[in-house]
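Taken in sequence, the protein lines are chains A and B. In our numbering, each residue carries its 1-based index in the first sequence increased by 846. In our numbering, each residue carries its 1-based index in the second sequence increased by 846.
Since the hints were made in silico from the structure, they are not lab data. Any given hint might turn out to be false.
Partial selection, computed: residues in chain B whose CB lies under 7 Å from chain A [said to hold, decoys possible]: (1) Asn895; (2) Glu921; (3) Phe956; (4) Ile1040; (5) Val1041; (6) Gln1056; (7) Leu1068.
Derived PhoX-like pairs: lysine-lysine, alpha-carbon spacing no greater than 25 Å straight-line [what the hints assert, rightly or not]: (8) A:Lys901 x B:Lys1064; (9) A:Lys912 x A:Lys890; (10) B:Lys859 x A:Lys1071; (11) B:Lys1065 x A:Lys882; (12) A:Lys908 x B:Lys901; (13) A:Lys1065 x B:Lys915; (14) A:Lys1064 x B:Lys901; (15) A:Lys859 x B:Lys882; (16) A:Lys1065 x B:Lys912; (17) B:Lys915 x B:Lys859.
All residues carry an ideal CB built from backbone N, CA and C; glycine is no exception.
Protein chains: 2
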Amino acid sequence: MEKDQKQYTSISKQALRRLPYYLNYLKRLRESGVDKVSSTMIAKEMSLNDVQVRKDLAAVSKIGGKPRKGFDIEELIMCIESYLGYNNINDAILVGAGHLGRALLSYTGFEDYGLRIVAAFDIDENVVNTNIGGKIVFPMDKLSDICNRLNIHIGIITVPASAAQSVCDLMVESGIIAIWNFAPVHLSVNENVIVHNENIAESLALLSSQLAARLNQKKNNLCIKENPV
Amino acid sequence: MEKDQKQYTSISKQALRRLPYYLNYLKRLRESGVDKVSSTMIAKEMSLNDVQVRKDLAAVSKIGGKPRKGFDIEELIMCIESYLGYNNINDAILVGAGHLGRALLSYTGFEDYGLRIVAAFDIDENVVNTNIGGKIVFPMDKLSDICNRLNIHIGIITVPASAAQSVCDLMVESGIIAIWNFAPVHLSVNENVIVHNENIAESLALLSSQLAARLNQKKNNLCIKENPV
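With the rest of the complex left out, here is chain A:
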């Protein structure tokens, strides 16, 4: 594969083989809520020596580990994914297979933009393992695993407002960095995460106000108001 050949020119075949293992370990750390890691920790986990690990990481990341603090896990994951060509910005997962979730899962317009909702998640056992619009609904505890394995970075939230923040937190721990939020609630996220809030009601409110303005203008031009006296 031409891509591999290119990579061999910038990094040893052995180092290239180690990158996916680093990635897997780093993602497991992220899931457990850790945000920094030292080359020593990685070396210990993978039974390699510290120097080797630092050399491998230096081949993919410009940012060295900071003394004591170590490497930023998010940054390392991003750089290794980038190096390996894992740049998935077309696939999304959806959490909350209620009416709105089902509507989005069944909506075919996304393909026109090269975007796909690849899986859905819900807590309702009656919905889990069903198929909606060709997508399987998985239980929530499969979310991290699926997002990490498929390198998914886009998450869609269609759960009730009360559940939205916890779903958001789970998504971020699972590598989601762009969230399309339909729940009528403000989500608090770190600065690395993009949140796009979809307020359906506002669209209708806008239409209603345009209608009011249009009607008033025409009435003033054409109609005689009540009680002209």
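Take the given structure of chain A and dock chain B to it, following the hints.
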């Protein structure tokens, strides 16, 4: 009622009583696709004399009937509704009780803006007469009657693209002048009708492109690209 008293000052009680009958007749004409009417036609229909009708209409509308062409039905309806205080910009009807329609019917956020979806319509006999989110789903042939009786001016289209234009036409004939269109199709309407197209896919496409831009910027800053040689 104070309002009535006010109106009596500007129009006779008898004329005020006739207005709803004019309105009813004009709406029936609109339903049948007519857009102009002469005072003679109205007088004949209501067994009144021509002069009386012109006097009544002149009390609510600044626009007199044009010789031969007659009165613009839309304008007369708007002026009589305005005069009688029928200014409903808060209620909407929805056509298409599929996944998206059900999502909107079940959505509670509209009330925050003083807006209500008061009824839904569908062709599917399995859905007709069911209750979704507290709203009854009526058969399509009830649409004109309900919109006219409740003076509803806002319509929401959540039908497949292939059916959207015919639904749009039926809405306009029934007095809808503001349409919120979720069908991925361009609707052709006359200049009096406001159409707000909701393209769900575009929102996700925007989020995806923001994500791509963010990732590329961070990678350039932090990561060593493949094949740096």
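key: Enumerated hints in conflict with the structure, sorted upward   = 1, 5, 12, 15, 17
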